[in-house]
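Required output: the full structure, derived from the provided sequences and hints.
Protein chains in written order, with the numbering used here: chain L, 233 to 505; chain V, 2 to 419.
I should point out that these hints are in silico values taken from the structure, not numbers from a laboratory.
Computed from a predicted model, the values in this text were never measured in an experiment.
Hints are not guaranteed to be accurate.
What the hints assert, rightly or not - Under the rule of at most 30 Å between Cα atoms (straight-line distance), these lysine-lysine pairs were calculated in the DSS-like manner:
| hint | chain 1 | residue 1 | chain 2 | residue 2 |
| --- | --- | --- | --- | --- |
| 1 | L | Lys395 | V | Lys178 |
| 2 | V | Lys269 | L | Lys412 |
| 3 | V | Lys65 | L | Lys476 |
| 4 | V | Lys3 | V | Lys65 |
| 5 | V | Lys191 | V | Lys271 |
As the list claims (entries may be wrong) - Facing chain L, according to a computed beta carbon distance under 10 Å, are these residues of chain V, among others:
| hint | residue |
| --- | --- |
| 6 | Lys178 |
| 7 | Ala287 |
| 8 | Asn289 |
| 9 | Tyr297 |
| 10 | Thr370 |
By construction, the Cβ of each residue, glycine as well, lies at the ideal position given by its N, Cα and C atoms.
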Amino acid sequence: MQESSVFWLRVAAVLYSVGLLHTLFTLLSRRTQLLSVALSSFVVAVILHLVSLVEMTRSLGHLPVENFYQSVSLCAFFIALVFLFVWWRYQFVPLALFLFPLVFLMTLVGSMQSPVAGWTSPRLREGWLFAHVLAVLTGYAALLLTAGASFFYLIRERQLKNKQPVKLFEHLPPLGTLDKIITNSLGITFLFITSGVIAGLTWAFIESGTRWISDARIHVALITWVLCLVAVFLRNTAGWRGRKAAFLSLALMGCAAVTWAAHIGLRPLLMER
Amino acid sequence: MKLFITGLNHRTAPVEVREKVAFPAANIEEALRGLLAQSGVEEGVILSTCNRVEVAVAGECDGKAVVEKFLAVARNVPETQISEHLYHYQGREAIRHLFRVASSLDSMVVGEPQILGQLKDAYTAAKNSGTLNGFLDGLLTRAFSVAKRVRSETEIGQNAVSVSYAAVELAREIFGKLQGHAILLIGAGKMSELAARHLHRAGAERIFVTNRTRERADQVAAIFNGTVVPYENFQASLTQVDIVITSSGAPHYILTRDQMKSVLQQRKNKPIFLIDIAVPRNIDPAINKLDNAFLYDIDDLGRVVEQNRVSRQQEAEEAERIIEEEVEKMVARLREREVAPTIVRLQEQLEAIRSGELDRLRGRLGNLTTQQEEALDALTKGMMAKVAHGAIAEVRKQASRGDATVIDTIRRIFRIPE
Numbered sequence: 233m234q235e236s237s238v239f240w241l242r243v244a245a246v247l248y249s250v251g252l253l254h255t256l257f258t259l260l261s262r263r264t265q266l267l268s269v270a271l272s273s274f275v276v277a278v279i280l281h282l283v284s285l286v287e288m289t290r291s292l293g294h295l296p297v298e299n300f301y302q303s304v305s306l307c308a309f310f311i312a313l314v315f316l317f318v319w320w321r322y323q324f325v326p327l328a329l330f331l332f333p334l335v336f337l338m339t340l341v342g343s344m345q346s347p348v349a350g351w352t353s354p355r356l357r358e359g360w361l362f363a364h365v366l367a368v369l370t371g372y373a374a375l376l377l378t379a380g381a382s383f384f385y386l387i388r389e390r391q392l393k394n395k396q397p398v399k400l401f402e403h404l405p406p407l408g409t410l411d412k413i414i415t416n417s418l419g420i421t422f423l424f425i426t427s428g429v430i431a432g433l434t435w436a437f438i439e440s441g442t443r444w445i446s447d448a449r450i451h452v453a454l455i456t457w458v459l460c461l462v463a464v465f466l467r468n469t470a471g472w473r474g475r476k477a478a479f480l481s482l483a484l485m486g487c488a489a490v491t492w493a494a495h496i497g498l499r500p501l502l503m504e505r
Numbered sequence: 002m003k004l005f006i007t008g009l010n011h012r013t014a015p016v017e018v019r020e021k022v023a024f025p026a027a028n029i030e031e032a033l034r035g036l037l038a039q040s041g042v043e044e045g046v047i048l049s050t051c052n053r054v055e056v057a058v059a060g061e062c063d064g065k066a067v068v069e070k071f072l073a074v075a076r077n078v079p080e081t082q083i084s085e086h087l088y089h090y091q092g093r094e095a096i097r098h099l100f101r102v103a104s105s106l107d108s109m110v111v112g113e114p115q116i117l118g119q120l121k122d123a124y125t126a127a128k129n130s131g132t133l134n135g136f137l138d139g140l141l142t143r144a145f146s147v148a149k150r151v152r153s154e155t156e157i158g159q160n161a162v163s164v165s166y167a168a169v170e171l172a173r174e175i176f177g178k179l180q181g182h183a184i185l186l187i188g189a190g191k192m193s194e195l196a197a198r199h200l201h202r203a204g205a206e207r208i209f210v211t212n213r214t215r216e217r218a219d220q221v222a223a224i225f226n227g228t229v230v231p232y233e234n235f236q237a238s239l240t241q242v243d244i245v246i247t248s249s250g251a252p253h254y255i256l257t258r259d260q261m262k263s264v265l266q267q268r269k270n271k272p273i274f275l276i277d278i279a280v281p282r283n284i285d286p287a288i289n290k291l292d293n294a295f296l297y298d299i300d301d302l303g304r305v306v307e308q309n310r311v312s313r314q315q316e317a318e319e320a321e322r323i324i325e326e327e328v329e330k331m332v333a334r335l336r337e338r339e340v341a342p343t344i345v346r347l348q349e350q351l352e353a354i355r356s357g358e359l360d361r362l363r364g365r366l367g368n369l370t371t372q373q374e375e376a377l378d379a380l381t382k383g384m385m386a387k388v389a390h391g392a393i394a395e396v397r398k399q400a401s402r403g404d405a406t407v408i409d410t411i412r413r414i415f416r417i418p419e
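Structure representation (structure tokens):
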């Protein structure tokens with residue numbers, strides 16, 4: 233019974249991932265064609281998520297809140313329900329940009345309670361980790377560009393507000409250009425960091441079963457990802473531009489630096505086997 | 002060949018005099034032909050703009066007297082009326098003046114780009130009229146290159162020095178390209194119209210106009226093919242525009258901080274540039290403290306213009322250094338040109354010696370094959386070229402320094418006639 237509930241949960245996670253694709257597509261192309269597909273997929277995912285929860289409840293004899301994975305899955309389900317209510321009642325569609333990736337990732341984490349078979353080959357193991365590192369580093373490179381543009385934005389904005397040009401910075405690009413760089417590079421950051429987080433979580437899940445959840449490095453990485461999600465959401469829906477957005481990007485860069493520092497010892501982990 | 006420049010400009014003559022002396026564009030070519038008809042004038046060019054009238058002539062004449070008389074006759078102005086306003090440059094000073102004019106260092110607004118175009122027009126007119134030959138032609142072409150060098154190596158033309166153009170530059174610093182951005186004119190005064198005209202030319206597409214008097218709003222909107230917004234609810238349009246220019250005669254703020262805060266929320270914090278050129282001011286200065294709102298009043302714009310003027314002045318000092326360097330090069334080149342006849346005569350003299358000596362020896366050498374003839378020819382020519390090389394190089398070097406003694410010495414050594 234429990235195996236079947238995990239299966240439905242994993243299918244739900246796959247369907248939620250369409251929502252994540254919608255978010256990425258919207259951020260990178262500024263178009264929302266995927267919204268209707270993502271919404272339909274999301275509704276089906278919520279139903280399967282419910283099926284999974286009902287099966288697990290029947291199996292356990294009570295609500296599945298015994299451990300971290302079950303709690304995360306249940307929480308993701310409630311968030312999904314709240315979103316569907318808000319969408320039905322207020323048509324607040326932009327919220328999807330934030331909630332779709334969040335619900336997907338939480339459901340993915342929730343579905344990682346039952347270990348799967350180990351790596352079929354060492355090459356796949358190394359390749360998977362390599363893909364994770366590559367995605368995260370590309371994301372950080374884009375984030376560095378975002379932070380750099382944000383820094384210069386703050387300088388340029390101060391100059392224009394104070395009406396005092398500083399010779400050293402007079403050749404900086406216009407604010408509008410810097411803002412475009414920040415928006416685009418933040419979208420790319422989110423794309424790669426999300427891919428990196430998904431690859432990293434699944435790698436850790438296959439590698440060490442459920443032990444990974446107590447790893448502080450993963451907590452830091454997830455906090456960085458959530459902050460990145462908040463940043464893109466506020467920028468795209470709440471109109472966070474200018475100073476606030478620039479400061480948020482710099483904070484995100486700081487968080488990413490901490491995550492980077494926490495992961496410096498990753499290579500020895502790979503060599504353990 | 003001597004070079005003279007005679008003229009008047011905004012510093013030496015009031016507009017009443019300048020307008021009398023200025024040549025209508027349609028009459029320039031005829032005037033140029035008249036100039037060339039003057040005794041001793043071999044080349045000539047006339048530059049006539051709203052701020053200056055200058056005549057450059059090259060030839061063996063008293064350029065100052067010739068041009069003064071020419072201007073009086075051609076423009077039908079008594080010589081006594083203009084002579085006190087005229088300046089005269091000759092030789093090296095004339096070259097420096099020409100380079101300074103082309104580089105916009107002598108302009109009313111230092112660094113303005115129009116003068117170079119006007120000088121090019123004057124050059125084309127002279128070329129078409131056949132009043133340019135090698136000397137002035139080369140000098141003017143060099144002046145264009147110098148102006149280009151000054152523009153590329155200094156930032157003399159970089160910053161706006163008028164209030165309305167400063168507004169355009171600030172808008173560019175905020176938005177980058179202005180294409181697709183909309184402007185709202187609140188109050189349709191002349192100055193705001195001028196600023197809007199600059200912004201429109203720079204790419205801003207949609208223009209909204211609001212004014213207490215509807216008729217004036219209609220007039221201004223018609224200029225830009227814009228839209229008139231009723232004055233009573235102009236605030237509703239603030240969500241659609243990116244640049245606002247206010248010049249209304251209202252005695253109080255027509256846009257407060259709270260109103261703008263609400264507008265910014267509706268705009269999802271899209272930046273807005275507010276230019277308040279009204280006195281008393283139309284926009285609450287506290288708005289500048291709001292994120293994504295950039296407010297400049299008339300004094301702020303004035304300060305920007307002043308800073309730019311100072312900056313241009315600093316750049317002008319660097320430009321003067323470049324011009325001095327270019328004048329030096331040009332003068333050296335002209336001096337080298339002056340000794341060209343001496344060098345040609347020296348080469349002719351040596352060639353005469355060579356061919357004379359060859360002819361003298363030919364009888365003793367007997368019959369030579371073609372190959373032997375060619376070898377002998379090449380040998381003697383090479384020897385002569387080597388003998389002449391040192392002398393020619395020294396003549397050129399000394400000539401470029403303006404020292405004629407070595408030239409005299411070489412003339413004497415090789416018996417070259419004056």
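Quick rundown of the hints versus the structure:
1. Lys395(L) with Lys178(V): Holds, at roughly 20 Å.
2. Lys269(V) with Lys412(L): At roughly 15 Å apart (the allowed maximum being 30 Å), Lys412(L) and Lys269(V) satisfy the hint.
3. Lys65(V) with Lys476(L): 68 Å, violated
4. Lys3(V) with Lys65(V): Distance of about 11 Å is within 30 Å: holds.
5. Lys191(V) with Lys271(V): Holds, at roughly 28 Å.
6. Lys178: This interface hint holds because 8 Å falls under the 10 Å limit.
7. Ala287: 12 Å, violated
8. Asn289: 6 Å, holds
9. Tyr297: Because about 7 Å separates Tyr297(V) from the closest Cβ in chain L, which is inside the 10 Å limit, the hint holds.
10. Thr370: 72 Å, violated
Against the hints set out earlier in the document, violations occur for numbers 3, 7, 10.
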